[in-house]
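4 protein chains.
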Amino acid sequence: MIYEPIDTTIEKLGEATIPSPAGYEYYTKDSAVVLYKAIFDNPEEVNDYHAAKPTFFEQAGPREKIYFDPQWVTAGIVTCGGLSPGINDVVRAVFMELHYRYKVERVLGFKYGYEGLTRKHGHKPILLTHEIVSDIHNDGGSILSSSRGGQDPAEIVDFLIENGIKILFTIGGDGTLKGTRAIHDEIKKRGKKISVIGIPKTIDNDINMIQKTFGFSTAFSKALEAIKCAHVEATGAPNGIGMVKLMGRHSGFITVNAALASKEVNFVLIPEQDFDLEGEGAFLPILKQRILKRKHALIIVAEGAGQKFFENNDMTDASGNKKLGDIGVFLKAKINEYFRKENIAINLKYIDPSYMIRSVPANAEDSVFCGFLAQNAVHAGMAGKTNMVVGIWNNVFTHVPIDVAVAKRKVLDPKASYLWRAVLSSTGQPNSMIARE
Amino acid sequence: MIYEPIDTTIEKLGEATIPSPAGYEYYTKDSAVVLYKAIFDNPEEVNDYHAAKPTFFEQAGPREKIYFDPQWVTAGIVTCGGLSPGINDVVRAVFMELHYRYKVERVLGFKYGYEGLTRKHGHKPILLTHEIVSDIHNDGGSILSSSRGGQDPAEIVDFLIENGIKILFTIGGDGTLKGTRAIHDEIKKRGKKISVIGIPKTIDNDINMIQKTFGFSTAFSKALEAIKCAHVEATGAPNGIGMVKLMGRHSGFITVNAALASKEVNFVLIPEQDFDLEGEGAFLPILKQRILKRKHALIIVAEGAGQKFFENNDMTDASGNKKLGDIGVFLKAKINEYFRKENIAINLKYIDPSYMIRSVPANAEDSVFCGFLAQNAVHAGMAGKTNMVVGIWNNVFTHVPIDVAVAKRKVLDPKASYLWRAVLSSTGQPNSMIARE
Amino acid sequence: MIYEPIDTTIEKLGEATIPSPAGYEYYTKDSAVVLYKAIFDNPEEVNDYHAAKPTFFEQAGPREKIYFDPQWVTAGIVTCGGLSPGINDVVRAVFMELHYRYKVERVLGFKYGYEGLTRKHGHKPILLTHEIVSDIHNDGGSILSSSRGGQDPAEIVDFLIENGIKILFTIGGDGTLKGTRAIHDEIKKRGKKISVIGIPKTIDNDINMIQKTFGFSTAFSKALEAIKCAHVEATGAPNGIGMVKLMGRHSGFITVNAALASKEVNFVLIPEQDFDLEGEGAFLPILKQRILKRKHALIIVAEGAGQKFFENNDMTDASGNKKLGDIGVFLKAKINEYFRKENIAINLKYIDPSYMIRSVPANAEDSVFCGFLAQNAVHAGMAGKTNMVVGIWNNVFTHVPIDVAVAKRKVLDPKASYLWRAVLSSTGQPNSMIARE
Amino acid sequence: MIYEPIDTTIEKLGEATIPSPAGYEYYTKDSAVVLYKAIFDNPEEVNDYHAAKPTFFEQAGPREKIYFDPQWVTAGIVTCGGLSPGINDVVRAVFMELHYRYKVERVLGFKYGYEGLTRKHGHKPILLTHEIVSDIHNDGGSILSSSRGGQDPAEIVDFLIENGIKILFTIGGDGTLKGTRAIHDEIKKRGKKISVIGIPKTIDNDINMIQKTFGFSTAFSKALEAIKCAHVEATGAPNGIGMVKLMGRHSGFITVNAALASKEVNFVLIPEQDFDLEGEGAFLPILKQRILKRKHALIIVAEGAGQKFFENNDMTDASGNKKLGDIGVFLKAKINEYFRKENIAINLKYIDPSYMIRSVPANAEDSVFCGFLAQNAVHAGMAGKTNMVVGIWNNVFTHVPIDVAVAKRKVLDPKASYLWRAVLSSTGQPNSMIARE
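So the protein lines, in turn, are chains U, E, F and B.
Sequential numbering of the first sequence, starting at 1, is according to the numbering used here.
Sequential numbering of the second sequence, starting at 1, is according to the numbering used here.
Sequential numbering of the third sequence, starting at 1, is according to the numbering used here.
Sequential numbering of the fourth sequence, starting at 1, is according to the numbering used here.
Same shape as in the complex, but just chain U (with noise of 0.2 Å):
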């Protein structure tokens, strides 16, 4: 594999001159950085690395001078795309610490989403208080309440202007991502001095470049309950198979973490790998003979799996995202159809958790990771960057330009990802399932 370097150069709105106000005993180097890569084949293979331009990320963290005046800052938060566990520990953490670090006295939460920073829908902002965001991270969804989709960008910017936005913070996904570019380039166009700064919340963990995301944590570990009800149901009746859904459009990650967690599932389904229903080899045949072995299965299946059996299909939602084929309900009916054909009476209970699973509360893990997205969040925001997304890499909080998290998603490969390597063990389900001629 070779690596290009990439252009992980963070854009500012100019220089930062003013002591912070943060009050902390060590700040983080502007200059700081972490390697992108730091596993190498062989110790040779590291200097070789190295004397070609290694990738780095730039490292997060509060900087002795910000670029900002606290005193003339007005923030502002939107909480955009679905719900995820964590968003209102980073909007409480987002507060707290412009508020008590940085002195901000301004912080405004918009409404809905992207529909709260126009005018046109007539949502109001909320003027955030440490009363009210002292006790949200207990309770899951967004205090902001979120919609999907975006807006006209010029309205926006209009918007940012007419409340003074200096800082704007916008949690979502790729799709908000984008939009938040949209929103730069429109402000960058008018030369204005706001910066807008990306937190990545993506349940399914897959934005590039990024180690993990928030929600994830909690998602996998709450679709455990899912499938343990679901291995229940499997078991408690003749031919019992149960099925599972869980989240992740692009990838696997939930469904794969949530099998090696669970240690009961016999298939798992994910859109990085390609399988056949019908034929020699393929998944029906092979849960057959499960079936008539064992007497019961436990399947899990990523909602973006087998995609390939809708293709017709070139809807897209709100936020832009291709509407997927619900391949649960497909499933479902395709295996009753299989095994009426084959004609073996079976119990298939199918579960689809994803609304009982985005809409808790951020677990321990979460919870901590959710404050440090927020804080670095701020310290860069001050810091006058902008266009940029706070991530994690190696375990060190960075600073990715947003061009890098939105050029494509992150995947695991299946062929190479000890992740994978490591359900096939769990599962006991084949390399492929893939028909053979």
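No wet-lab data here; the hints were simulated from the structure.
Heads up, some of the hints might be wrong.
Any copy, or any two copies together, can satisfy a pair, since identical chains are not distinguished.
Derived DSS-like pairs (lysine-lysine); straight-line CA-CA distance at most 30 Å [what the hints assert, rightly or not]:
#	residue 1	residue 2
1	Lys29	Lys192
2	Lys408	Lys37
3	Lys188	Lys334
4	Lys323	Lys415
5	Lys53	Lys124
6	Lys65	Lys308
7	Lys53	Lys29
8	Lys334	Lys322
9	Lys293	Lys53
10	Lys65	Lys293
11	Lys332	Lys37
12	Lys103	Lys293
13	Lys323	Lys103
14	Lys53	Lys65
15	Lys65	Lys192
16	Lys332	Lys322
17	Lys415	Lys37
18	Lys288	Lys124
19	Lys334	Lys65
20	Lys288	Lys103
Predicted model, so just to flag it, every value in this text is computed and none were measured.
Based on the hints, put chains E, F and B in the right spot on chain U.
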């Protein structure tokens, strides 16, 4: 209201003459009773009532003299119908009481419901041991698995005789109890001395003359989690509507208790209370008012509610229960359609958590309760009672003839129930949602 | 057993003549009763009993006519004594029922127990609103905070009058109720028309003539977690002994129910059942046998058990309750000492989870139950009842004179209780652990 | 900071020449490494660093060639020291990987820690099977049980040889690893080809050069529950103080992460940060200010904090760890005494939840993590590595020489850690609580 005396006499296989080996310090007299009616509109009424023949239930409990000599007893356990929290607690406690208290050495577990009580499905009974049952109460489902639907009573009785069964414990709901009665009738026809004892498993809590069935407490407690998620979803999007379908084919007990525990619910729809969808005073216009006023709404609906909308449906499932129309999916479509017509953009999130509720382990309340039901079932069986089900009334464990238990469903009376009164208080929904002419 | 009729007459401030504004479709008659005794050794006894004057409780519920005109009512709520799950549910429901059903506009929350009902501690009452109480049921503890100990009734009545209180709701246990009675006596002495209504909060479930108190279900359910941990610790080391101390100053209800739910416990020690430590047949030698045979043991002990070992202790706490000797710490030392003498190396792990039990939010069972207790307390207060506490008997909500409720403690009778019988079955511990001469 | 290269060479029993039977699609090269240092103060430093000899760890993972022929291998597993969530996950995964991937037929579980590796305690090893380990990950503790303290390495090696052990997996912390090294040294002295592989179990997460140990995520997550309860208690009484003691003998990782997840904590006391009790700027006066101002306070303290207050204590436990003074009990007394002197009535509630944390099952994060640790331990053992422990660094699983792992404890540096910086932000406690002269 006039109380017709009900025949609550318990059938016996013969006189109980063998001293109980159970070693208890105190036993329940076979004559002991609990009054059916303990509440009166005024104190005078008490005496009037008792001057007439009052109805009472036989008290459950260990008897000093038993009918079966434990050394000749093989007992059997079978679990039928859908899963419910606590089945394994019951199986465990039946075994433990038989084994440790009565010294019954052979307890068979029949697999897959009534299927396992015939030869033709080829399911082998399991010889239960301390080791097998010791930890099963920590898991949901049934270690014996279950199935729906009856089998030929003659075949079953053949199989019972073949396996030397003297007492059969059937764990199931209305359909199962009717099956148990049919088995009893066949046994009686053949003049055999085999006891059949039902343990009422219905998550819906709808068995006649029985105050509470096991799994119900766990069910409405667990349902709360889905309701919380639906509430978060409802408040997390513009005009968000959360809707949860809960168990309750004939009665709204789970739905009502879950609503009272949640305190967030705006609309509760149950089988016992009719409602219309459109027209003045009907559900959808009232929902619209709520959305316009508060921008979000939370609905919970029992699966048996609104069945009038599926009038031509007369399918039945394998247990002989009428197949219900799916009111959740139906309402989801109707609500979306209605608001589309009204030109109001809504965000409806629908959750059907049934399989994630019925397959969890019993909570502590149910776990304790299951133990008593099971022990009392064993006491009854060893005492030679038959054709009965173990119940509870005025907090005392009772013996109830199967005829009484299956005579009708226990339902909630919206015109007189303090539960429904409290729901109206808690939700603020109108007393009636029938369309006015 | 002979039942002496008990005087259960409820004191009233005067005649209820005002039509209730509550808008319920059905009301509870003021004459309605529930029988105290519903179980009998044989059916004949029923008539004999009812020929004599039977004891019954007044039924709780909304009355068609009330005593107080809501527009003149200021109500007050105070929470006293130790924390218990569900206090906030009760506070919330008292407010909601007063506010939405009876249109009472002024409901004051007094802070820090009876301290907040006097001037001298300087705690200001809070004017409760929908917003303040709306979400409090999701949190443990009491938003009003609490304190132990009484205050001068005269000072309290002065303060009530000063604040214009017409109905005072006191949420507390035995000590609190005695305080409530003293307040009532002072009010009466002064000829004031102020109602005082108790809502029985005792996690121990030991209030006389009341079937169940709130928080109890949550408490024994939560106790299970500590017991599971103690079991894991016991089996995790050579000769491991796990011991858990649970709440129960006078009665073993929590301990017994937790043992029955757990099914792993080997020894249950409760206040109602005497035991010796050393000598033939006593606790320690029996524990030794268990350790030698099975290499681990699990003990749960109610805090009020074995108080004879602390005979010279006569301290009392601020609530006037006798200060108990710490039986957990005492047993820990005794067990370690005994095995040291016996030259057996053990690993004793002692868990005292009290603060982790009483401070959690109510479970779903308790949450529903708290709602009904609170609503019925409001109905009683508005109807002009006083010097009473809301209870439940034979599953019907009742009015109980404070005199009756505090006459003695409800305890479990080891000689007659089916609960204790089940504990002996479940643990295998001997009927008696009194040392034989 | 100057990085001295560290010798991370892994010892091998001999050359790995046998093709792996594991059947993986891809293997990890034996030369593959992960860099120790991935962060730099500026990009230039990267090249300077790599010009010098950088430190790297060998990557863990399955090797294409292995050292042991599986058909001759008997493997052993032993679990030592205190309980930690995830032990059973590790035991299960070691067995599964050995059995299903490498076809090792004989895996022995040694009971009760190192006691079970000698003859003299008489504990019999268990022959592990799929059935035995299949569900153990659902339970806390260790199915093998554990014990503290070492045993004579010579006796252990005798016993290993007697049982034909080729690979020994030791699951334990610092003391256990030192014991493992002693066993290795004895094996080497005798010229035997037995591999010893450590799997780092320390709930405190304090092992040198290892990013994370298993059980840690579960531990701080579970600790949150105790902290929530302490917070409820603190706010539930006048001048309420909640205090929780958490695990962490040498390091505050659990305490710090729990504080960050909780967001309610006011004081965090850890071993790495000195503090005084009395005098200007010290802990107690600052606590007093908080109480006077806010009327409640929440303290969490790591068990190893404030050990200077127990200077004359030099007891050690069976594992050779210095016995710590009980800082929780000590502080409880000191706080009560101080406020008594100050004439301020407080309500201090102290919770020590250790046994309720370490004995729970692993959460989903830890469960996945345990699987990888165990599988990589098996790969290392089969490849003939020895005297090493499996670790993780920069998110890559690694091989770490035991010498490196036990060289010192991993601690948090309050002068440079972003974790501690975040704690100060979250609690508002001063940077230092050392008394000023």
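For which of the previously enumerated hints does the structure constitute a violation, in increasing order of number? Of the numbered hints given earlier, those the structure breaks are 3, 5, 6, 9, 10, 11, 13 and 19, listed in rising order.
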